[in-house]
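**Student:** Given the structure of chain C, go ahead and fit chain W onto it with the hints provided.
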Amino acid sequence: MALSTLPEKDFFGRKDELTTLYRITLEAEKGITQSIFLSGPRGIGKTELLKQLYNHLFWEQERVIPFYYCVNNGLLSVPDFSIDYLSRFICQRLAFENKDASLLGLFGLSLERLSLIAELKRSRWALELLDRYSQSTQRPTDSLRIVLGAPHQSAISTGKSIVVMIDEFQRLKNLRIQGTVDSTLMTLFEEPFSSKMAPHIITGNQSEIQEMLFSYGTFTGNLQRIDIGSLKLLDDSILMFSSFLDKFEVDIKIIHDDILAYLKGNPLYIKCMAIALRSMRQVENNLWKIYFREVSSGNLYLYWSEILKSFFPVLGIRRKAIEIMNKINTSDESFTQDRISRFLSLSAEDSETTLKSLYLSGLVTGEFGIFRIPEDRVLRDFIDCLYMREIIEKPFREIEEKFLERVLTSEDRRISFEMTIPMVKEAELVAVSALEQIGKNLHLNPEIIGQLQVAVIEGCINAIEHSRGEGKRIYLSFNFDAENLTVSIESPGREFVSPEVGEPFRGFKEGTGRGWGVRLMKSFADSVRFEKTERGTKVVLVKSLKSEVSAQGGKDPSVDE
Amino acid sequence: MLTNNFAVVSKAIDDIAILQPKGYMNDLGAERLEHECEQFLDKGLKKLIINFSDIQHINSMGASVLIGIVQRISESKGQLYFTNIKKVHFDVFEMLGIIKYVKIFKEEREALKFLIKDAEKLGLEKTDL
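Taken in order, these protein sequences are the chains called C and W.
Letter by letter, the first sequence follows residues 0 to 560 of numbering that gives the first Met the number 0.
Letter by letter, the second sequence follows residues 0 to 128 of numbering that gives the first Met the number 0.
Any given hint might turn out to be false.
[What the hints assert, rightly or not] Taking lysine to any residue and the SDA-like style, the derived pairs with C-alpha atoms no more than 20 Å apart in a straight line are:
1) C:Lys-424 to W:Lys-85
2) W:Lys-86 to C:Pro-445
3) W:Lys-99 to C:Arg-518
4) C:Lys-424 to W:Asp-26
5) C:Lys-424 to W:Lys-21
6) C:Lys-439 to W:Gln-55
7) C:Lys-521 to W:Glu-93
8) W:Lys-85 to C:Gln-436
9) W:Lys-86 to C:Lys-424
10) W:Lys-85 to C:Ser-432
11) W:Lys-86 to C:Glu-446
[Stated by the list, open to error] Chain C regions said to be covered by chain W (calculated; three or more residues, Cβ under 8 Å):
12) 446-458
13) 515-525
[As the list claims (entries may be wrong)] Computed spacing ranges between beta-carbons, pair by pair:
14) W:Lys-99 to C:Ser-296: 57 to 63 Å
15) C:Lys-424 to W:Glu-74: 53 to 59 Å
16) C:Ile-414 to W:Glu-74: 40 to 46 Å
17) C:Leu-407 to W:Ser-52: 43 to 49 Å
18) W:Glu-106 to C:Glu-417: 47 to 53 Å
19) C:Asp-226 to W:Gln-38: 50 to 56 Å
20) C:Ile-414 to W:Lys-99: 51 to 57 Å
21) W:Arg-71 to C:Ser-415: 42 to 48 Å
22) C:Ser-415 to W:Lys-76: 53 to 59 Å
23) W:Asn-4 to C:Ile-414: 27 to 33 Å
Please keep in mind that the hints were generated in silico from the structure rather than gathered at the bench.
Each residue gets a CB set at the ideal place from its N, CA and C atoms; glycine is no exception.
Next up, chain C with everything else stripped away, as it sits in the complex:
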């Protein structure tokens, strides 16, 4: 094996993504492959996917040379980074050409040692590269430019395309020259990213990379974004979990797929649960209890709390960050920076700085100036536990009881339906008919269903209007639990929401009907959220099943005399 990865048999649910990336990277040979930003939430398996891709490219073909580099936080001075990047590139390329995986394990090599290896392998391109680099070492920016351009240059000189994979790319924003972070260095990636002979695949912390791409807009045009989502099928989650249990020699009789569904196909979470089971001294059949311990004090807790600490090293500020997250987490409403400042009595500067760090850490999302917690129940539970433990100092036992009560009662009653409708006029009627049937089946108050139908119709019309012909389908999901009926309406189209106000439409002109859709949605649903998603834009309508229906729409229709 070239890079250390999971055995192929244990690499579940990512075959399609791997095949797609493999196909795209092979097209580098024809000089038509664009560089890629591989995006996705934390723990979703982007690194593993890249490593699997590397190994396939390394062993299964001869046309395109793979180069994998994971940015190391300890090597962010430009000279350190440059020599490390260069030496790994040379070793990996020589390893590929000679099918000698032992070269992959070499790192921290001096220029002399690298030259010796290049000479031994009679590699002219490597010797030329090392020569150019050694002449530039007194000028760090030039040496960085040379190493970043090395894959392209070597591809040109040998006629062999190279695929450059850079993991933890966001760390590069801290590249330093003589101890000072120099953000202009990022512009040096513009040329390498535009290379068709040596396209790049970058990945890492999605929020931070997005911020970097936004800040240094010059190279965003050269990047194609590919989103990696959760494992699509529950079966893949179950197979992955079983595989981990086998590996850890954990013997449990029943795999509770409800908890695996709760983890939403996140491989990191699935692995943490399996590890937690391995470390149990005696078999605990209630997986929810194990999950709670994980999220409140186990590996899942450590994972998220380390991220929190790395972005908020000062305790006082960290506590404020937890309070902000809790406020957003426990409310159905959308939060702008102003609202958060008001609620928690923070200065505009403090709330801006804290929210920016929370966004960059991936602990909150923030599209169009509206902040919310990602749709990740594990993260939400982590925030909940952390807040209760650290801020309001509730006893562990009490937190556990409250959690188990919530999760066990709500899970029993949680029902979900999903449907896709074509983006054609009046297709919304299909959605509202489904909603009506769901209401009947679940014996819900028809008046509540009627109000939600109005909101759903408007949501669908919005989706059709604002997709601007980009897609042909609207994706709906209906989620019912003990308290709420939630309908999500998702469609392509990124120009859906105004960045100024975080809502669709730019104004409401009385009497024209323009803007009435949002007004009706807001009047007939208890909460309306607009979210940017991988597919485009999503409107989430939440109707409380306990809402006072008569208070919603005003008086009864009656004789007007």
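**Tutor:** Just chain W now, with coordinates in the frame of chain C:
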């Protein structure tokens, strides 16, 4: 396009037009209703009753056209009456400020009764309704 089966059944009783739209009142449906109303206005019938009992759903674009109908009837010095409105549709009209321009009756016959009384007040003869 999916089949909406929107239709308008209408009749005239003396100088009163009664329209009963059926189905989904979106922009297309409401435009058909608007067309029917205009035909009655052109014939000189200035009192219009719209019976909403068979309307299943209304959207904002349909409601927007409905505003146009209200304006058109007002310009023609006509009178518009809404009857048999479901609670949720009444809420939509109220939310969008339509009901302040029309008279609302629970049932169609109540609107008719009101109009006949009105006619009698003006000293006009009415056939038995």
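**Student:** Taking 40 to 46 Å as the stated bounds, is the beta-carbon spacing between C:Ile-414 and W:Glu-74 within them?
**Tutor:** Violated, at about 51 Å.
**Student:** Holds or violated: W:Lys-85 with C:Ser-432, Cα cutoff 20 Å?
**Tutor:** Holds. W:Lys-85 to C:Ser-432 sits at ~17 Å (cutoff 20 Å).
**Student:** Check the following: the C-beta atoms of W:Lys-99 and C:Ser-296 are separated by a distance inside 57 to 63 Å.
**Tutor:** Given about 60 Å between the Cβ atoms, the range holds.
**Student:** Does C:Lys-424 pair with W:Lys-21 here, judged by a C-alpha cut-off of 20 Å?
**Tutor:** Holds: C:Lys-424 and W:Lys-21 sit about 18 Å apart, inside 20 Å.
**Student:** At the C-beta level, are W:Glu-106 and C:Glu-417 separated by a distance inside 47 to 53 Å?
**Tutor:** Between W:Glu-106 and C:Glu-417, where Cβ atoms are some 41 Å apart, the hint is violated.
**Student:** Regarding the pair W:Lys-86 and C:Glu-446, is the alpha-carbon distance no greater than 20 Å?
**Tutor:** 8 Å, holds
**Student:** For C:Lys-424 and W:Asp-26, compute the direct alpha-carbon distance and say whether it is at most 20 Å.
**Tutor:** 11 Å, holds
**Student:** Holds or violated: 50 to 56 Å for the Cβ distance of C:Asp-226 and W:Gln-38?
**Tutor:** Holds, since C:Asp-226 and W:Gln-38 (Cβ atoms, about 54 Å apart) stay within the stated range.
**Student:** Given the range 27 to 33 Å, decide if the beta-carbon distance of W:Asn-4 to C:Ile-414 lies inside it.
**Tutor:** 31 Å, holds
**Student:** Between W:Lys-85 and C:Gln-436, is the straight-line Cα distance small enough, at 20 Å or below?
**Tutor:** It holds: about 19 Å lies between the C-alpha atoms, which stays within 20 Å.
**Student:** Does the alpha-carbon distance linking W:Lys-86 and C:Lys-424 stay inside the 20 Å limit?
**Tutor:** 25 Å, violated
**Student:** Regarding C:Ile-414 and W:Lys-99, is the given constraint of 51 to 57 Å on their beta-carbon distance met?
**Tutor:** 41 Å, violated
Comparing the model with each numbered hint stated earlier shows that hints 1, 9, 15, 16, 18, 20 do not hold.
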